[in-house]
Amino acid sequence: MDPVTAGALVTAVNAAVSGAGGEAGRRALESFGTLVRRVLRRGEGEPAGEPEPVAIPYDDGERLRQLADLLVERARQEPEFGRDLASWMREHGEAAGEAGAVHNSIGGNARITGPVVQGRDFHGPISFG
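Using my numbering, the first residue of the sequence shown is number 114, and each one after it goes up by one.
Treat each hint with caution, since some may be false.
Pairwise CB distance ranges (calculated) [said to hold, decoys possible]: (1) L153 - G120: 17 to 27 angstroms; (2) G232 - A199: 40 to 50 angstroms; (3) G227 - E193: 18 to 28 angstroms; (4) E204 - I239: 17 to 27 angstroms; (5) L153 - G220: 44 to 54 angstroms; (6) D173 - S144: 30 to 40 angstroms; (7) D173 - T147: 17 to 27 angstroms; (8) D173 - P238: 13 to 23 angstroms; (9) P238 - P192: 49 to 59 angstroms; (10) H236 - L153: 22 to 32 angstroms.
Simulated from the structure, these hints should not be mistaken for laboratory data. Where a beta carbon is used, it is the ideal one built from N, C-alpha and C, also for glycine.
Kindly produce the complete structure, drawing on both the sequences and the hints.
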């Protein structure tokens with residue numbers, strides 16, 4: 114089994130967020146939240162009843178990358194968690210890894226001061242104005 118990388122994990126999470134309007138995207142994010150809780154609440158013990166939601170920084174690229182680094186490190190330390198994280202990636206990260214798939218984003222602290230074109234396989238000129 115190939116190890117999960119932080120970059121691939123961020124890409125898969127971004128793909129799940131993009132599809133979050135649908136049932137599959139919602140399930141992907143719920144199951145990702147369960148994995149995150151396992152790492153962030155380790156040793157605290159879950160209270161009885163429904164687990165409290167964990168704030169996942171989907172809209173903050175830097176913090177999401179830090180979270181991904183933490184999850185990947187935990188996966189290296191704990192083989193069972195590593196298998197579960199890899200399983201999540203296989204199930205929900207496929208769209209992110211499809212050949213030719215395009216997932217454009219502008220995030221983090223980006224400052225856009227002009228037009229932006231994102232896409233794939235452009236043919237012909239692009240002009241603004």
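Outcome of the hint check:
1. L153 - G120: 17 to 27 angstroms: Roughly 21 angstroms apart at Cβ, these two residues keep to the hinted range, so it holds.
2. G232 - A199: 40 to 50 angstroms: violated, 31 angstroms
3. G227 - E193: 18 to 28 angstroms: violated, 48 angstroms
4. E204 - I239: 17 to 27 angstroms: The hint (17 to 27 angstroms, Cβ to Cβ) is violated, given that E204 and I239 are roughly 37 angstroms apart.
5. L153 - G220: 44 to 54 angstroms: Since the Cβ atoms of L153 and G220 sit about 22 angstroms apart, the hinted range of 44 to 54 angstroms is violated.
6. D173 - S144: 30 to 40 angstroms: violated, 21 angstroms
7. D173 - T147: 17 to 27 angstroms: holds, 20 angstroms
8. D173 - P238: 13 to 23 angstroms: Roughly 35 angstroms apart at Cβ, these two residues miss the hinted range, so it is violated.
9. P238 - P192: 49 to 59 angstroms: Roughly 53 angstroms apart at Cβ, these two residues keep to the hinted range, so it holds.
10. H236 - L153: 22 to 32 angstroms: violated, 46 angstroms
Of the numbered hints stated above, those contradicted by the structure are hints 2, 3, 4, 5, 6, 8, 10, listed in ascending order.
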